[in-house]
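Undergrad: Now for the letters of each chain:
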Amino acid sequence: MSRTASLAEGRARQDEVRRRGRRLGWASFALGVVQLAAPGAVRRLSGVDDSARSRAVVPVVGARELVHAAGLLTSRRKGAWAWTRVVGDAMDLTALGVALAHRGGDRRRRLVGVTGAVAGITALDLLTAVQATREARTSSVPAARGARTGGSVELTATTTIRKPASEVYAFWRDLENLPTFMAHLEQVRTTGDRTSHWFASAPFGKDVEWDAEITDETPGEKIVWRSTGEATVPNAGTVRFTPAPDGVSTEVFVVLVYEIPGGAVGKAVAKYFGEEPHQQLDDDLRRFKQVMETGEVVRSDGAPWGKRARKEFPQRPAQPLSDSELAKGADA
Amino acid sequence: MRANTWAGRNKVEVRDVPDPKILNSRDAIVRITSTAICGSDLHLVDGYVPTMQDGDVIGHEFMGEVVEVGPGVGPDKLRVGDRVVVPFPIACGACAACAAELYSCCENSNPNAGIAEKMFGHPVAGIFGYSHLTGGFAGGQAQYARVPFADVNPLRIESDLTDEQVLFLSDILPTGYMGAEMCDIKPSDVVAVWGAGPVGQFAMDSARLLGAAQVIAIDKEPYRLELAERAGHTPVNFEEVDVRSRLLELTGGRGPDKCIDAVGLEATHGSAHVAAYDRIKQAVRSETERPHALRQAIMSCRSGGVVSVIGVYGGLLDKFPAGAWMNRSLTLRTGQCHVQRYMKPLLEHIERGDIDPTRIITHTMSLEEAERGFDIFKNKQDNCEKVVLKP
Numbered sequence: 000m001s002r003t004a005s006l007a008e009g010r011a012r013q014d015e016v017r018r019r020g021r022r023l024g025w026a027s028f029a030l031g032v033v034q035l036a037a038p039g040a041v042r043r044l045s046g047v048d049d050s051a052r053s054r055a056v057v058p059v060v061g062a063r064e065l066v067h068a069a070g071l072l073t074s075r076r077k078g079a080w081a082w083t084r085v086v087g088d089a090m091d092l093t094a095l096g097v098a099l100a101h102r103g104g105d106r107r108r109r110l111v112g113v114t115g116a117v118a119g120i121t122a123l124d125l126l127t128a129v130q131a132t133r134e135a136r137t138s139s140v141p142a143a144r145g146a147r148t149g150g151s152v153e154l155t156a157t158t159t160i161r162k163p164a165s166e167v168y169a170f171w172r173d174l175e176n177l178p179t180f181m182a183h184l185e186q187v188r189t190t191g192d193r194t195s196h197w198f199a200s201a202p203f204g205k206d207v208e209w210d211a212e213i214t215d216e217t218p219g220e221k222i223v224w225r226s227t228g229e230a231t232v233p234n235a236g237t238v239r240f241t242p243a244p245d246g247v248s249t250e251v252f253v254v255l256v257y258e259i260p261g262g263a264v265g266k267a268v269a270k271y272f273g274e275e276p277h278q279q280l281d282d283d284l285r286r287f288k289q290v291m292e293t294g295e296v297v298r299s300d301g302a303p304w305g306k307r308a309r310k311e312f313p314q315r316p317a318q319p320l321s322d323s324e325l326a327k328g329a330d331a
Numbered sequence: 000m001r002a003n004t005w006a007g008r009n010k011v012e013v014r015d016v017p018d019p020k021i022l023n024s025r026d027a028i029v030r031i032t033s034t035a036i037c038g039s040d041l042h043l044v045d046g047y048v049p050t051m052q053d054g055d056v057i058g059h060e061f062m063g064e065v066v067e068v069g070p071g072v073g074p075d076k077l078r079v080g081d082r083v084v085v086p087f088p089i090a091c092g093a094c095a096a097c098a099a100e101l102y103s104c105c106e107n108s109n110p111n112a113g114i115a116e117k118m119f120g121h122p123v124a125g126i127f128g129y130s131h132l133t134g135g136f137a138g139g140q141a142q143y144a145r146v147p148f149a150d151v152n153p154l155r156i157e158s159d160l161t162d163e164q165v166l167f168l169s170d171i172l173p174t175g176y177m178g179a180e181m182c183d184i185k186p187s188d189v190v191a192v193w194g195a196g197p198v199g200q201f202a203m204d205s206a207r208l209l210g211a212a213q214v215i216a217i218d219k220e221p222y223r224l225e226l227a228e229r230a231g232h233t234p235v236n237f238e239e240v241d242v243r244s245r246l247l248e249l250t251g252g253r254g255p256d257k258c259i260d261a262v263g264l265e266a267t268h269g270s271a272h273v274a275a276y277d278r279i280k281q282a283v284r285s286e287t288e289r290p291h292a293l294r295q296a297i298m299s300c301r302s303g304g305v306v307s308v309i310g311v312y313g314g315l316l317d318k319f320p321a322g323a324w325m326n327r328s329l330t331l332r333t334g335q336c337h338v339q340r341y342m343k344p345l346l347e348h349i350e351r352g353d354i355d356p357t358r359i360i361t362h363t364m365s366l367e368e369a370e371r372g373f374d375i376f377k378n379k380q381d382n383c384e385k386v387v388l389k390p
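Protein sequences appear in the order of chains A and B. Numbering-wise (numbering that gives the first Met the number 0), the first sequence opens with residue 0 and increments by one. Numbering-wise (numbering that gives the first Met the number 0), the second sequence opens with residue 0 and increments by one.
Calculated directly from the structure, the hints in this document are not laboratory data. Owing to the predicted nature of the structure, the values given are computational and were not obtained by experimental measurement. Treat each hint with caution, since some may be false.
[As the list claims (entries may be wrong)] Label pairs and their in silico Cβ distance ranges:
id, chain 1, residue 1, chain 2, residue 2, range
1, A, G39, B, R278, 50 to 60 Å
2, B, E116, A, R172, 22 to 32 Å
3, A, E220, B, G80, 41 to 51 Å
Virtual Cβ for every residue (Gly too), placed ideally from N, Cα, C.
Whenever a hint applies, use it, and build me the whole structure from the sequences.
TA: Written out as structure tokens, the structure is:
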């Protein structure tokens, strides 16, 4: 429930930022039109009508405002466009500062007023830009959103294995085989016909373990499972095995769903999944294919530790391992 | 053991590295008796193939004697003491690509397939000593090498042919042959081959073996063209004549029926302007190739002909003449060589004397001299065509 509430709250905040971005866009539009249509009035009002240079500067600033307006009103990336406004504000404040230093009396009073207004607008722009950027960052990647506020991550991957579906199914159905190719799994112990106990290497320095049960299965075709009890990272998965058109191979489709907790634990879990969680699942399936087709996980000198995905890249130099490196790798 | 390693751009270094050990059950360890420097090694040394690391053992053309086999290699497949030539692509023998004899596209032999997939769309096979993109396997310019899937890859040599006669079965002879085979050569065909380096020479010999009426060699090095001429091929020096005009002259205005690009991504060009254009684009990394040879092959080929590409390309090229390719019904065929497919039949050709692979060897030196070997091969000094190293 609390997760749903926080998601709704996030969405409301995002809407608010977007609305403010749109309002700033219309403000830019109005300002730009005025500066282009009545530059004389603008120059008089702001107290810079005594300088020849302002004759050139005001319409240019007006044109720039129209660019901001176009960006803010049409682009979905309001964050980036809000930042262009911040840059524009900085330019305006600099110009106003220079003007202030050379003016006195009534003109100076008018300039101070305009400068104050621009400073206020700058603060609003800055706030909008920062918030819009943050919202964009947290909402573009589902995994990253999970990392910040808690949430679920769904991963899918597929491969084709040149073995009949019955054989591929049987290997997966013996869940104790999964750690041979899945990077994060240390061990799976079968505890009953449909129940099992899983150990994963830890994102927080100690191992995580949980119970799981198979909730649905069709021999040779499909296995559906989910974690049970108080799992640190509740998860569920489906794997389907479909005969490929070549009549020899099997297409394997995997869907995994992780409920990533919030807070520090959630961050650690998300980091553990890496920048590209899909890549890791793809690599897991690649190793599954290697094991099914060639009998084991293929090792090279640059990537000698088989299933340890996170040790594959960056790689070590492609030269044979010393005895001590080999010994270290044996239990890696 | 001693091994030749990549030590940064334009630098190789013979160093002490650990001896290889069995890592997978179907591995074998081979004591290398002969190994060669390949033109594609130059792309590594020149820095055009990404994902190289300081200390990578390079080399993918090698042969030797089996000194250890893993528990998964059946004695009927390979035994200690066997004399073997090792193909450069590592194939598992079990995946769909291997089943289709597309060994250089093996789906299982590249443990770093994720990177290759990003680069090429789909992964490619592991290759010995050829960057981490192709798996990060230590290469064969060394005293020993670990050979994965040793029950499917190495070719046993049971006759008393010399190393020099069979060594090139590991790469350049099958690569040249595949270049010619992809041309579907007919007896009336004129075949033009860009590049008279080792692979080009073997593509020419293979085209002749497959029945071509005439074979034309295109290069700029007089000694390479002479080598081709001595083998019965027609030389064209692109620094002296306009290639397309000369080819039209030699073919009654039709153009060669079949064209083979045996040059790849570091082509040189007769025109200084075109050369400068591509060199600059390559230097700022806005294209990875200098595809002069490929462009010229497409522009010169007769309508309806075949352009067969066996020169190595790494990434993206620019100014590809797609209009000529499409409007003139050209067929473009290519691939890293599926060496395992050709080793046995080519061994028989060597035994019968149809092909003499030793004709291209100009230098034999010790492994310790690898650095000098790279230097003279790369800079085409001392009329260097092919360097064989003896560990």
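Undergrad: Now tell me if each hint is right for this structure.
TA: So, going through the hints one by one against the coordinates:
1. A hinted range of 50 to 60 Å for the beta carbons of G39 of chain A and R278 of chain B is consistent with their spacing of about 56 Å.
2. A C-beta distance of roughly 28 Å is found between E116 of chain B and R172 of chain A, which places it inside the suggested range of 22 to 32 Å.
3. Against the hinted window of 41 to 51 Å, the Cβ-Cβ separation of E220 of chain A and G80 of chain B comes to about 49 Å, which satisfies the hint.
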